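Chains as they are written, first to last, in full-length UniProt numbering: chain S, 1 to 103; chain V, 1 to 103; chain E, 1 to 103; chain B, 1 to 103.
Source of the hints: derived by calculation from the structure; they are not laboratory data.
Keep in mind the model is a prediction, meaning the values are calculated, not measured.
One or more hints might be untrue.
Stated by the list, open to error - Below are the DSS-like pairs computed for lysine-lysine, each with C-alpha atoms no more than 25 Å apart in a straight line:
#1 S:K91 x S:K26
#2 S:K26 x V:K26
#3 S:K72 x B:K91
#4 B:K26 x B:K91
#5 B:K26 x S:K26
#6 E:K72 x E:K91
#7 S:K91 x S:K72
#8 B:K72 x B:K91
#9 B:K72 x S:K91
#10 V:K26 x V:K91
#11 S:K72 x B:K72
#12 V:K18 x E:K26
#13 B:K26 x E:K26
#14 V:K72 x V:K91
#15 V:K72 x E:K26
#16 E:K18 x V:K26
#17 S:K91 x B:K18
#18 E:K72 x E:K18
#19 E:K72 x V:K91
#20 E:K72 x V:K72
#21 E:K18 x V:K18
#22 B:K91 x S:K18
Protein chains: 4
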Amino acid sequence: MTAPTPSTSASHGYISDKHRYLARLKRIEGQARGIHRMVEEDTYCIDILTQISAITSALNNVALGLLDDHLKHCVVGAAQDGGAEAEEKIKEASDAIARLVRK
Amino acid sequence: MTAPTPSTSASHGYISDKHRYLARLKRIEGQARGIHRMVEEDTYCIDILTQISAITSALNNVALGLLDDHLKHCVVGAAQDGGAEAEEKIKEASDAIARLVRK
Amino acid sequence: MTAPTPSTSASHGYISDKHRYLARLKRIEGQARGIHRMVEEDTYCIDILTQISAITSALNNVALGLLDDHLKHCVVGAAQDGGAEAEEKIKEASDAIARLVRK
Amino acid sequence: MTAPTPSTSASHGYISDKHRYLARLKRIEGQARGIHRMVEEDTYCIDILTQISAITSALNNVALGLLDDHLKHCVVGAAQDGGAEAEEKIKEASDAIARLVRK
Numbered sequence: 001m002t003a004p005t006p007s008t009s010a011s012h013g014y015i016s017d018k019h020r021y022l023a024r025l026k027r028i029e030g031q032a033r034g035i036h037r038m039v040e041e042d043t044y045c046i047d048i049l050t051q052i053s054a055i056t057s058a059l060n061n062v063a064l065g066l067l068d069d070h071l072k073h074c075v076v077g078a079a080q081d082g083g084a085e086a087e088e089k090i091k092e093a094s095d096a097i098a099r100l101v102r103k
Numbered sequence: 001m002t003a004p005t006p007s008t009s010a011s012h013g014y015i016s017d018k019h020r021y022l023a024r025l026k027r028i029e030g031q032a033r034g035i036h037r038m039v040e041e042d043t044y045c046i047d048i049l050t051q052i053s054a055i056t057s058a059l060n061n062v063a064l065g066l067l068d069d070h071l072k073h074c075v076v077g078a079a080q081d082g083g084a085e086a087e088e089k090i091k092e093a094s095d096a097i098a099r100l101v102r103k
Numbered sequence: 001m002t003a004p005t006p007s008t009s010a011s012h013g014y015i016s017d018k019h020r021y022l023a024r025l026k027r028i029e030g031q032a033r034g035i036h037r038m039v040e041e042d043t044y045c046i047d048i049l050t051q052i053s054a055i056t057s058a059l060n061n062v063a064l065g066l067l068d069d070h071l072k073h074c075v076v077g078a079a080q081d082g083g084a085e086a087e088e089k090i091k092e093a094s095d096a097i098a099r100l101v102r103k
Numbered sequence: 001m002t003a004p005t006p007s008t009s010a011s012h013g014y015i016s017d018k019h020r021y022l023a024r025l026k027r028i029e030g031q032a033r034g035i036h037r038m039v040e041e042d043t044y045c046i047d048i049l050t051q052i053s054a055i056t057s058a059l060n061n062v063a064l065g066l067l068d069d070h071l072k073h074c075v076v077g078a079a080q081d082g083g084a085e086a087e088e089k090i091k092e093a094s095d096a097i098a099r100l101v102r103k
C-alpha cells in the first residue's frame with residue numbers, strides 16, 4: 001500500500017476518498033479563475049479579498065485532510081517497519097506542517 | 001492612472017499594476033490545476049502539501065498587495081472625505097484583515 | 001526610539017479601551033506562564049499545543065484590535081493631513097499586516 | 001488532569017531538550033509582559049504589533065517543536081503497538097495541527 005514501488009504512478013494510493021478531493025480541487029480551480037476575473041473586471045477590492053480568504057481556507061482544509069491521510073498510512077506504516085525510514089517520514093511530515101503553519 | 005476604461009465597470013480602478021496581478025493569478029490558477037493533477041496521479045502526499053503551501057503563499061501575497069492598494073486609495077480617499085464613509089471603509093478593511101490573519 | 005514627544009507618555013493615546021487591552025494582556029501573560037509550567041510538569045503534549053493555540057489566538061485578537069484602532073486614528077489622521085506622512089503610515093500598516101498574516 | 005500515571009511527573013517525558021523549551025517559554029513570558037508594558041506606556045501601535053508578531057512566531061516554533069517530539073515518540077510508539085490507540089493518537093495530532101494552521 002505505502003511501499004514506494006517505482007513502476008506505477010499509483011504507488012501512493014493512500015488518499016482516502018480521492019473523488020472527494022478531486023471535486024474540492026476542481027472547485028478551488030474555479031475559485032482561482034473567479035478571482036482572476038474579479039481583478040480583470042475591477043471588482044471591489046474587499047470582495048476580492050473575501051474570495052481569496054475562502055480559497056485559502058479551502059486549500060488549508062485539503063492540506064489538513066491529506067496530512068491526516070499521510071499520518072494514518074505512510075507514517076504509521078513506516079513506524080511499524082521501524083528504523084530510519086520512520087524517522088525520515090516524521091521529519092518530512094514535521095517540515096510540511098511547519099510550512100502550513102508559517103505560510 | 002490605473003483605471004483602464006472609464007465608462008464601464010472600472011469604478012474601482014484602484015488596482016496598481018493590474019497586469020501583474022492578472023499574471024500572478026493566472027499562475028495560481030495553473031498551480032491549482034497542477035494540484036488536481038497531482039492528486040489524480042497519486043503523487044506523494046508531501047509533494048502535494050508543498051505545492052499547496054506555495055499556492056497559499058502566492059494567494060496571501062496577492063491579498064496583501066490588493067489590501068495595500070485598497071488602503072492607499074479607497075481608505076485614504078474616504079478619510080479625506082471624512083465622516084461615516086471613512087469609518088465604514090476602516091471597518092470593512094479591518095474585517096478583511098481579520099479573515100486573512102485567522103484563516 | 002518610538003516615542004516622538006518625550007514629555008508625555010500618552011503621545012499615542014489612540015488605544016480605545018486601554019483597560020480592556022491591559023486585562024487581556026495580563027491574561028495572556030498568565031497563559032504563557034501556564035505553558036511554561038505544563039512543560040515543566042511533563043503535561044501531555046497535545047494539551048500544551050491546545051494552550052499554545054489559545055494564546056496565539058488571543059494575541060491575534062489583540063493585534064487585530066490595535067490595528068483597527070491604528071487605522072481609525074493614525075492612518076485616518078495622516079490621510080487628512082495628506083502628503084508623504086499618509087503614504088508612510090500606510091506602508092507601515094501594510095508591513096505590519098503582512099507580518100501578522102505570514103507569521 | 002491529563003497525566004494518566006499520577007505517581008511521577010515524568011509520565012510524558014518525551015520532550016527532547018526540555019531545558020531549551022523552558023528557556024524559550026521564559027523568554028515568551030517576558031515578551032508578553034513587555035507587550036503589556038508597551039500598551040500601558042502608549043508605545044506606538046506599529047511597534048506593539050511587531051512585538052506581537054515576534055511572540056506569535058516564537059510560540060509557533062515551540063508548538064512545531066513539541067509536535068515533532070510528539071510524532072516521534074507518542075505517535076510512533078502507538079503505531080508500533082497498533083490498534084485503536086494508534087488511530088486515536090493520529091486523530092488527536094491531526095486536530096492539534098488543524099488548530100495551529102487555522103488559528
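Structure-based check of all given hints:
1. About 30 Å separates the Cα atoms of S:K91 and S:K26, which puts this hinted pair outside 25 Å; it is violated.
2. The suggested pairing of S:K26 with V:K26 holds, with an alpha-carbon distance near 15 Å, which does not exceed 25 Å.
3. With a CA separation close to 9 Å, the supplied pair S:K72 and B:K91 stays within the 25 Å bound.
4. The suggested pairing of B:K26 with B:K91 is violated, with an alpha-carbon distance near 30 Å, which exceeds 25 Å.
5. Between B:K26 and S:K26 the CA atoms are separated by roughly 46 Å; this puts the pair beyond 25 Å, and the hint is violated.
6. Among the hinted pairs, E:K72 with E:K91 is consistent with the structure: their alpha-carbon atoms are about 15 Å apart, no more than 25 Å.
7. As the CA atoms of S:K91 and S:K72 are separated by approximately 15 Å, the hinted pair is consistent with the 25 Å bound.
8. Only pairs whose Cα atoms come within 25 Å are accepted, and B:K72 paired with B:K91 is accepted, the gap being roughly 15 Å.
9. Note on B:K72 and S:K91: the hinted pairing holds, with a Cα-Cα distance of about 9 Å set against a maximum of 25 Å.
10. Taking the CA atoms of V:K26 and V:K91, the gap is about 30 Å. The hint is violated against a cut of 25 Å.
11. In summary, the hint linking S:K72 to B:K72 is supported, as the alpha carbons are separated by about 14 Å, within the 25 Å threshold.
12. Among the hinted pairs, V:K18 with E:K26 is inconsistent with the structure: their alpha-carbon atoms are about 45 Å apart, more than 25 Å.
13. Only pairs whose Cα atoms come within 25 Å are accepted, and B:K26 paired with E:K26 is accepted, the gap being roughly 15 Å.
14. Proximity of V:K72 to V:K91 is assessed by CA-CA distance (about 15 Å); at most 25 Å being required, the pair is judged to hold.
15. A distance of roughly 35 Å separates the Cα atoms of V:K72 and E:K26; the hinted pair therefore is violated under the 25 Å criterion.
16. Taking the CA atoms of E:K18 and V:K26, the gap is about 45 Å. The hint is violated against a cut of 25 Å.
17. Using a Cα cut-off of 25 Å, the hinted pair S:K91 and B:K18 holds, with the two alpha carbons roughly 19 Å apart.
18. As the CA atoms of E:K72 and E:K18 are separated by approximately 15 Å, the hinted pair is consistent with the 25 Å bound.
19. For the hint linking E:K72 to V:K91, the alpha-carbon distance of about 9 Å falls within 25 Å, and the restraint holds.
20. Of the supplied pair hints, the one linking E:K72 and V:K72 holds, its CA atoms being roughly 14 Å apart against a limit of 25 Å.
21. For the hint linking E:K18 to V:K18, the alpha-carbon distance of about 41 Å lies beyond 25 Å, and the restraint is violated.
22. Of the supplied pair hints, the one linking B:K91 and S:K18 holds, its CA atoms being roughly 19 Å apart against a limit of 25 Å.
In the structure shown, a violation is registered for the earlier hints numbered 1, 4, 5, 10, 12, 15, 16, 21, in ascending order.
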